[in-house]
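Engineer: Please model the complete structure; the sequences and the hints are all you need to start from.
When you line the sequence shown up against the numbering used here, it's residues 23 to 353, in that order.
Keep in mind that the hints were calculated from the coordinates and are not lab data.
Not one of these hints is a red herring.
Listed below are the simulated BS3-like cross-link pairs for lysine-lysine, each with C-alpha atoms no more than 30 Å apart in a straight line:
no.	residue 1	residue 2
1	Lys222	Lys339
2	Lys251	Lys321
3	Lys280	Lys339
4	Lys114	Lys202
5	Lys240	Lys222
6	Lys202	Lys222
7	Lys222	Lys318
8	Lys244	Lys280
9	Lys321	Lys262
10	Lys165	Lys222
11	Lys350	Lys251
12	Lys251	Lys222
13	Lys240	Lys202
14	Lys222	Lys280
15	Lys262	Lys280
16	Lys262	Lys222
17	Lys240	Lys251
18	Lys318	Lys262
19	Lys262	Lys244
20	Lys244	Lys318
21	Lys202	Lys244
Label-pair restraints from in silico Cβ distances:
no.	residue 1	residue 2	range
22	Ser261	Lys321	24 to 32 Å
23	Ile166	Gly278	33 to 41 Å
24	Lys244	Asn146	28 to 36 Å
25	His145	Ser221	16 to 24 Å
For glycine and all other residues, C-beta sits at the position ideal for the given N, C-alpha and C.
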Amino acid sequence: MKTITTLFICVLLLIGHFLIADINLADDWSMENQSLKYEWGLEEQTAEHDKCNSIILHYDGNTWNHVYHTHDTWLTDIYGFGDNNIFIIGDKGTVLHYDGNSWTRQESRIPYRLNSIWGSSPHNIYITGDHGTILHYNGTEWKIQTLGVSNWLSSIWGFDENHIFASGSLGKILFYNGEKWTEQNSGTTNWLYGIWGSSKSNVCAVGVYGTILHYNGKMWEKSVQITNKRLMDIWGADSKNIYTVGADGIILHYDGVKWTRHVSNTNNWLRKIWGIDNNNIFAIGDNGIIIHYDGKNWKRQKSITNYHLLGIWGNRKDNVYVVGSNPKGLY
Numbered sequence: 023m024k025t026i027t028t029l030f031i032c033v034l035l036l037i038g039h040f041l042i043a044d045i046n047l048a049d050d051w052s053m054e055n056q057s058l059k060y061e062w063g064l065e066e067q068t069a070e071h072d073k074c075n076s077i078i079l080h081y082d083g084n085t086w087n088h089v090y091h092t093h094d095t096w097l098t099d100i101y102g103f104g105d106n107n108i109f110i111i112g113d114k115g116t117v118l119h120y121d122g123n124s125w126t127r128q129e130s131r132i133p134y135r136l137n138s139i140w141g142s143s144p145h146n147i148y149i150t151g152d153h154g155t156i157l158h159y160n161g162t163e164w165k166i167q168t169l170g171v172s173n174w175l176s177s178i179w180g181f182d183e184n185h186i187f188a189s190g191s192l193g194k195i196l197f198y199n200g201e202k203w204t205e206q207n208s209g210t211t212n213w214l215y216g217i218w219g220s221s222k223s224n225v226c227a228v229g230v231y232g233t234i235l236h237y238n239g240k241m242w243e244k245s246v247q248i249t250n251k252r253l254m255d256i257w258g259a260d261s262k263n264i265y266t267v268g269a270d271g272i273i274l275h276y277d278g279v280k281w282t283r284h285v286s287n288t289n290n291w292l293r294k295i296w297g298i299d300n301n302n303i304f305a306i307g308d309n310g311i312i313i314h315y316d317g318k319n320w321k322r323q324k325s326i327t328n329y330h331l332l333g334i335w336g337n338r339k340d341n342v343y344v345v346g347s348n349p350k351g352l353y
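Structural biologist: Structure, rendered in structure tokens:
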């Protein structure tokens, strides 16, 4: 009986040894995979991100991948000046900066949601946000610019440091001449969501009810309305290739003479558009939608997320970033 008991204990010890070895081996593999994942700044495509309220995606010319970050706040827009100098903005005054190695948070001193970012150089960057917020970055720190307006400011774009436009609620359009901000007469009270131009005398703003406004350097005028859908953003390769996107997957193209509709092959809201050239244009929006235009057709790309994508920027066709947020926390 004693011999049987001894043998039984030995068997248990042997089984336990192999179990512990397996567990240690599994831990080693897990740590190795995790280390590689963090070293490259990318999460696996199957990784769950629903524990975080925001997402950053990177496109290498072939596939979209998750970019690892530790900032659990809604992200709304992105703008950069090269591979190693990129800014992301978001809710609660969030400003993130990428230096080529990691994302770090910068102090904005603003508690409100930030909506749009643009800059003429790394030392001259502007951000617009809720409650009339405009921030300016001089390369060292962010400072609040007091305008005396309380409007929600949705978008900002400039031709150079002396010609900058911001748009927002109730048809608000502000202009900066390098010294001060002044309000321009937009001729509408419709909410405006996007603004872009090919020159200081050729600027377009878009908004609700299919609103398209054009600025000729002196005054704003309404363009011919061809849709009643909300238009969310606008971008152009040049003055004869301008695109605007919006509700229910709408895409409109301007050829220098008239606006026509493109087939987007999606019913998702498209919230931002950005291009490298006229043959490499990306539109992004709700439920992780990303579509690419090759100069002929719009085709959907696999984004590996169902988050609402709200901001896009890139400097090459193989270096494009997208930011987005968990739709449960946006509204």
